[in-house]
Amino acid sequence: MTDIAETRTTPLAAGRAADRIRKRYAAERRFRLYGLVAVCVSIAFLALMLLSIVSKGYTAFQQTMVYVDVHLDESVIDPKGSRNADDLARANYGALIRKTVAGLFPEVSGRRDKRKVRKLLSPGATYDVRAMVMDDPSLIGKRISLWVPASDDFDQLLKGNIRRDVPESDRRVSDKELAWIDSLMEKGLVEKQFNTRFFTAGASQEPELAGILGAAVGSFLTLLVTFLVSFPLGIMTATYLEEFAPKNRWTDLIEVNINNLAAVPSIVFGLLGLAVFLNFFGLPRSAPLVGGLVLALMTLPTIIITSRAALKAVPPSIREAAFGMGASRLQVVVHHVVPLAMPGILTGSIIGMAQALGETAPLLMIGMVAFVADIPTGFFDPATALPVQVYLWADSAERAFVERTSAAIMVLLAFLFIMNLFAVYLRKRFERRW
Amino acid sequence: MSTFVLTAALLMIAYFAFRHGRSRALAQAGGKSHALHSLPYYYGYYVALWCGVPALLLVVAWTALQGDIVRALVVSDLPENLRTLPAQELTLLLNNIVNIAEGAALMPADNTDIQAAVAHYQNLQDIAFGALIVLAVTVAVAGILFARGRISPALRARNSVEQAAKWILIASSTVAIFTTVGIVFSLLFEAMRFFRAVPVTDFLFGLEWSPQTAIREDQVGASGAFGAVPLFAGTMLISFIAMVVAAPLGLMAAIYLAEYAKPKLRSIAKPALEILAGIPTVVYGFFAALTVAPMLRNSGDLFGLSISSESALAAGVVMGIMIIPFVSSISDDVITAVPQSLREGSYGMGATQSETIKNVIFPAALPGIVGGLLLAVSRAIGETMIVVMAAGLSANLTANPFQAVTTVTVQIVTLLVGDQEFDSPKTLAAFALGLVLFVITLILNVVALTVVNRYREKYD
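Chains as they are written, first to last, in this note's numbering: chain F, 1 to 434; chain E, 435 to 894.
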């Protein structure tokens with residue numbers, strides 16, 4: 001009280017008080033600024049990360065192609081004239097490409113140079129020609145023109161990832177190869193086209209032939225198993241705990257358990273899968289079935305927790321009305337509570353699935369890191385998943401895999417975005433305020 | 435695959451059992467459903483449950499046991515010289531036989547014993563599956579016959595079905611328990627085998643980590659050195675860096691969003707932070723390895739510092755970014771849960787907003803915030819992909835964030851990915867590390883959850 005009396009009377013004290021207020025307001029503004037900076041820095045990190053991935057990866061959606069004329073020489077492909085599919089598949093298409101390249105660069109001589117000039121085209125050229133002949137054997141003997149993929153170094157040079165201005169010794173493309181490439185470009189035989197192979201091919205050691213379809217299908221199969229296992233189990237567990245379970249030590253134990261499982265590191269689930277599913281039950285390594293089971297155990301807590309929240313949000317009046325009409329407890333739950341909670345349960349499940357889609361570590365443990373070139377067709381086939389593919393490509397040495405890794409990440413993020421968007425839509429569309 | 439077909443067939447039979455039970459109950463009541471104790475479809479479920487559940491349980495049990503029994507039978511019919519092989523070689527031989535029979539390995543042309551065993555194996559498998567089909571269908575049909583005999587208007591079908599449904603629900607809720615039990619036992623079991631080869635004290639307190647198997651017998655640590663201290667130190671260093679980044683940023687962001695931000699900014703910034711939480715960790719790993727690490731190395735060169743391209747700093751900073759949303763969302767929750775009356779009381783005393791936050795809200799929310807930070811630490815310790823991609827493999831015992839260190843999770847991955855010779859201490863070490871990881875994160879989680887829950891109860 002005496003303080004207040006003083007500040008009212010003496011101008012000196014009033015000045016000090018004003019000073020203090022100014023300081024306190026400055027502290028206020030500073031504190032506010034720290035908060036704003038923290039928010040901005042966090043969002044800037046997000047932006048930086050997305051930007052660096054997009055800027056590295058957008059070029060992967062284009063692929064440098066070379067236009068070549070190939071003479072489908074019958075004496076090379078099918079000297080016996082049998083048109084037998086086996087013979088056609090085994091024929092030496094490499095020789096045709098070799099001839100084609102020799103035709104493009106008649107001036108190149110010497111074994112090494114010839115091999116080098118051939119290396120400008122991807123080995124995919126051979127596969128493409130074979131595929132064309134296998135599709136339509138009547139082409140044999142004719143001259144066909146087609147776009148074939150260029151090698152990864154050629155491709156990276158055109159995309160500016162291999163710079164022309166560095167000295168030859170530091171460059172992956174020699175001056176000679178540069179000259180050949182320039183002459184091809186002058187003839188108008190080089191073009192950047194949309195990279196369809198990236199979306200239709202499986203993994204490959206050659207960056208220019210590598211695609212994500214195999215990994216995407218693997219992810220799909222894995223997630224399908226995850227969903228089929230964790231969704232029903234999750235709903236049933238949540239329903240039991242929320243609607244039926246008596247409050248006793250046993251149900252407390254289950255609850256604590258679920259909360260802890262939600263925070264167990266994902267790699268530990270991988271160890272569980274390795275020890276139990278692979279070593280104990282003898283299920284096959286690298287199979288989407290095992291991956292799906294492991295991810296199901298991992299997402300189960302998420303689904304249970306969100307489902308319980310959704311069930312809890314259904315007001316008791318609904319239950320009481322149903323009981324009043326003579327429904328049994330199971331009827332109340334199955335006919336009324338669960339359907340009303342379904343949008344919330346679905347939203348939680350989709351978010352759980354999105355987490356499972358991005359999970360890598362447990363899949364490494366159960367061997368889904370093998371190099372799988374074929375596109376998996378069943379739950380027991382060896383497979384990889386999209387995030388694992390990202391990990392594998394990120395480990396590869398070739399420069400061209402960097403852009404492909406980024407592109408694969410963009411595809412992965414697009415899937416996650418769609419799933420989350422769907423969850424948000426479900427919530428917005430069906431959410432009920434009681 | 436054929437088990438799937440059998441299961442599908444059993445489900446079809448159960449569906450027909452459902453139809454049959456319903457129509458039979460109706461027929462017995464003379465078509466008048468009100469004469470029945472329960473609604474007609476409960477009689478359908480009653481028959482279907484009797485038909486489907488025992489048969490499906492049989493299929494599950496059979497498939498679980500078939501492999502072992504068939505193997506035992508194959509062993510007992512092997513020629514004398516093979517049967518008496520040491521246990522390990524016998525297991526190898528058996529695996530080989532199974533692989534050949536499943537088409538995963540080639541049939542040896544010259545070894546008639548193995549050819550006979552493979553044929554025997556295939557034969558037994560076929561017999562076992564045939565027997566399973568016959569038995570399962572018999573059980574299903576017997577179930578139908580038993581249940582339909584009991585159908586009468588007085589049968590309390592609803593009560594029985596609901597009882598069964600309740601047991602199914604209880605069974606599904608135990609899956610979570612079994613998962614934990616499975617984790618604990620699989621880790622403990624393999625870790626015990628590891629500790630038989632390497633003493634626990636050497637593992638927990640040893641300063642040398644080099645799990646390679648030795649080239650020469652007389653080499654120092656002929657079975658590799660398994661002292662995990664460098665790994666624990668590396669894990670703690672990276673987690674510490676992560677928390678140094680995440681704790682202030684996450685906390686300040688939460689305070690700003692909860693107390694200061696206008697609804698419009700909040701509606702943009704909160705989802706943006708959630709996006710940060712939803713990005714797969716492998717993406718962070720890629721970002722750390724290809725963008726942040728080179729950036730740090732180059733800027734280190736500018737200042738004359740030598741920063742390793744696999745520095746703990748790069749992995750830690752990126753992990754910190756990953757953890758920001760965890761810290762901020764939990765802190766946001768606890769800050770908004772602080773009752774408005776505390777704020778108003780503080781404003782009424784003339785405190786500014788920041789003074790209120792620092793002196794009133796923060797102390798009130800502290801237990802929750804600490805709990806959230808502990809959860810974030812546990813997340814950082816268990817995080818795998820960022821460190822696998824951005825941190826090193828060399829087990830340096832150092833506190834220098836510019837050097838490469840390795841972590842527990844990195845070593846688990848490197849020990850188990852690629853060619854593994856099972857039963858060697860090298861692969862078993864991964865389980866011992868996993869056990870340590872599990873125990874530490876479990877303790878952190880339990881403490882954090884207790885702290886958070888106790889705090890929540892205070893204001894609800």
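Check each hint, because a few of them may be wrong.
[Claimed, not checked] Keeping only pairs whose Cα atoms sit at most 35 Å apart, straight-line, the calculated DSBU-like set for lysine-lysine is:
no.: 1; chain 1: E; residue 1: K466; chain 2: F; residue 2: K428
no.: 2; chain 1: E; residue 1: K466; chain 2: F; residue 2: K23
no.: 3; chain 1: F; residue 1: K23; chain 2: E; residue 2: K792
no.: 4; chain 1: F; residue 1: K23; chain 2: E; residue 2: K698
no.: 5; chain 1: E; residue 1: K466; chain 2: F; residue 2: K312
It should be emphasised that the hints constitute simulated quantities derived from the structure, not laboratory data.
The structure presented is a predicted model; accordingly, all values stated were derived computationally and were not measured.
Check your understanding: Checking against the hints above, which ones are violated?
Key -> 1, 2 and 5
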